[in-house]
Amino acid sequence: MNDKIINKLKKDTDNSSYIIYREKYIKKSKIDIIYNETLTDSDKLSDFIFRSLDKIEKIYNEKDHLYDTIKNNISNIKIKEVKGYSDICKYLNNGFVILLIENDYSLALEVKKNLSRSIDKPMSETTLKGPLDAFNENIETNIGLIKRRIKSNSIWNKDMEIGRYTKTKISILTIDGITDTSIRDKIIEALSNIEIDKLTDSSSLKYLITDEMKTIFPTIMTTERPDKVCDSLLNGRTVIIVDNCPFALIMPVFINDFFISEDDKDSRSFNNSLTRFLRYIAFFITVMTPGIYIAITTFNQEMLPLEFLTSFASQRSSVPFPAFFEALLMLLSFEILRESDLRIPNVSNSALSIVGALILGEAAVNAGIVSPIMIIVEAVTAISALIFTDTEFINAIKWYRLFFMIGATTIGMFGVFIVFIFFVINLCSLNSFGKPFMIPYAPLSKAGIKNSVVKFPLKSRKKRNKFLTDNVTREVINEKD
Amino acid sequence: MRKIKFLGMFVTFLLFLSGCYNYRELNDLAIVTAISIDYDEKTDNYKVITQVINPIKQQDVSSSGEPTFINFSSEKKSLQEAFRTIVLESPKQLYGSQMQILILSETVVENHLPNVIDFFTRDPEMRSEFKIIIAKNDKTLEGVLLQTVLDDLSSSNILDSLEKQGEILGLTCNLTLNDLTNMYLNPYLEIILPSMVVEGPVEEGEKRENITDTVQKATVKIKTTGIFRGKKLLGYLTEDESKMLNLIRGDLKNTIIRLDTDTGYIVFEPNRIKTKTEADVKKNKVKITIEGFSRIKEVNDMTNLRSVKEIDDLEEKLNKEIEKMAGETFINIRDKYKTDVFKFRDLYYKTDNKYFKENDSNWYEDVYPKLEIEVNSKIELYEKGNTLGGIEYERKN
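Sequences listed follow chains A and B, in order.
Going by the working numbering, the residue at position 308 of the first sequence is 308; the numbering climbs one at a time, nothing skipped.
Add 481 to a position in the second sequence, counting from 1, and you land on the number used in the working numbering.
Source of the hints: derived by calculation from the structure; they are not laboratory data.
Since no wrong hints were added, every one of them can be taken at face value.
Capping the alpha-carbon separation at 20 angstroms, the derived lysine to any residue pairs in SDA-like fashion look like this:
1) A:K167 <-> A:S204
2) B:K484 <-> A:S429
3) B:K484 <-> A:L427
4) A:K24 <-> A:N73
5) B:K573 <-> A:Q315
6) B:K573 <-> A:N300
7) B:K620 <-> B:G716
8) B:K573 <-> A:S311
Please model the entire structure based on the sequences and the hints provided.
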């Protein structure tokens, strides 16, 4: 019987050299030991499996059942009883060692090799103050980092496996009594109908559970910070952790969440409100400035004071292109510069910045391709976009920046207003897992508005957002809404 | 679907209701800052001078020697023709939204004002916020040609001067096209307009030397208010009359008043002035209440400013002086020019509509010549400066 299993396994894996088969006799009874050496730790294997099997041989009484003796005495904490061939394959591929003892009696013992990196600093969401640990690729470590912060039985997880080949483990985390479980049910329903080959990161999971074509704004937030995940969980949001990916998914998210940084916790409400206000201003600057500039200089010149108009006119006098094309040129070159900056290794960064500064700044003006004022407009636009950490949000803004520019070139300021109306309509019609994207502004949420443009003092923010949870009274006073 | 239809309609309406729009790059614009209009009676032609900004980098002005503005002049039967034909000289289209000042000759003001008002109000691109000023002689029409130092544009120079004097001196009124149109169309109002002259030879002032010398050879100077009855320009007021006219009309906010005393004079700076006019139609009487505060700016007198009583006396004297000046100005203007530039007719109309309609037909014959005014000045002295009394007084005591 055991030989049959081994033969089948050898056939299925094309006699893979990584799968090791060993035989061991305990007082005339043969045990087949199977493990995958790429996934298992050989130290653990020899220390805890082979050494304890040697001990077992000494105490083994032939009257007893060998399977029970091994199960009782083996010094390994994670023991699984294995039934059937498919179970054997599953455990073998997860870093277990399989002991085929007697006919139909097998055990799987965990001797996983540690293949993930250690807990590191966050790379994309750096903060000055606050915890400095970030998720890594190991789902158990990640959930551990969350459990370490929420020491409660109420943190519930629902595990699923996605991918025919990768069999990636995902864990949907909720807090019992706070989280609205309808979101979890929706996600499970969406995922159970999906049959795909692989799931190697959390980013692709985003588009499996939402309608990708519905909007250009992100309705799920990714984060690598366990503290942010805990805040979100305790405010009634649902979190998905994906194995082999250091980014957790938070849903639902609203527009205000993109304006909040983890650093805000360190700042008192009075100071922080100014920062928040600046972020909102920067948002409108980055979306609308090029459009408004084009509209004013090509249609509505009467809106400018004479001094400005004279100055703009003198700067534009040597530029041969229309203002729209000029703006597009600058936008393109900045985006190309930014993209290349992200892609190239760090060593070439300084060279790139010199080229960028020279080409975008001095040389382009001297050559008469763009006017200095356009560079200022473009620089303000670009800098303002950099305050957002979520790249998807920045990408969405880019589209609207372009729409505003097109509106401005066709009918001037009225084009800008028409696009603005569409912009607001679009934002208001959006929803993230059934919740309006414009919360806490429309519909108005009192608890949410206390942590939006103006941040109220921590002690006065005692309630959770009613759109996220029915349980609005906060047991734990918490930062994020 | 209904939503899309609604949005489509909304956008279409926006396009049509939003007025005119026109794509033009800044490079194609000749930004007009000032226009001066004259009328040649012999040839029946409008003569216009248009000041256009030369969009040159400010740091290049001195090195290249290019002027900061250019002037185009043209002569045609109608204003529109005159302005359009400027394109024959200028490579760019005239752009009038940023216009600051409109200079009109006396001929134009007297005989062709409706045409000018029509031309500027009809054009939707024109802003109606520019100031209007009369050129007291033919040479002054070329005031926009002068090279000026403190402000590169001579138009800005005139405009700023006009606005600043309104803030700190109140010599004359400053009126926009809207005000002029209103005064012209309202039958109960008479027109007043500020005036200006060019002092010095215009030919010299047009040259570059005008701004390289410390003393400018030719400059534009704001002059007193010109008053009208109907469309006819009756004349220009004296400086004091002009100031008092402003005060009675309620346009004066801040000014300087000199009070002559037995031993010298004292200069006051009344500010935050508020004028209230009330009409008693039945008694044919207008009550003018002037409230405000005043500083003492200059003392050439033996007054003891340490004593409260003297200060109270001074305050009373100042109020008396203002009351006297205002009263005299009213009598002078009424008797000399026989025109109601004080807006009293409008005030009567607003106060008692019914009674006024019965008596309006003979306003200038019966009502206005018998009109009495009662000026009540309540200016408070609140600051006498760093020195206490006059210097002479301090020396002797």
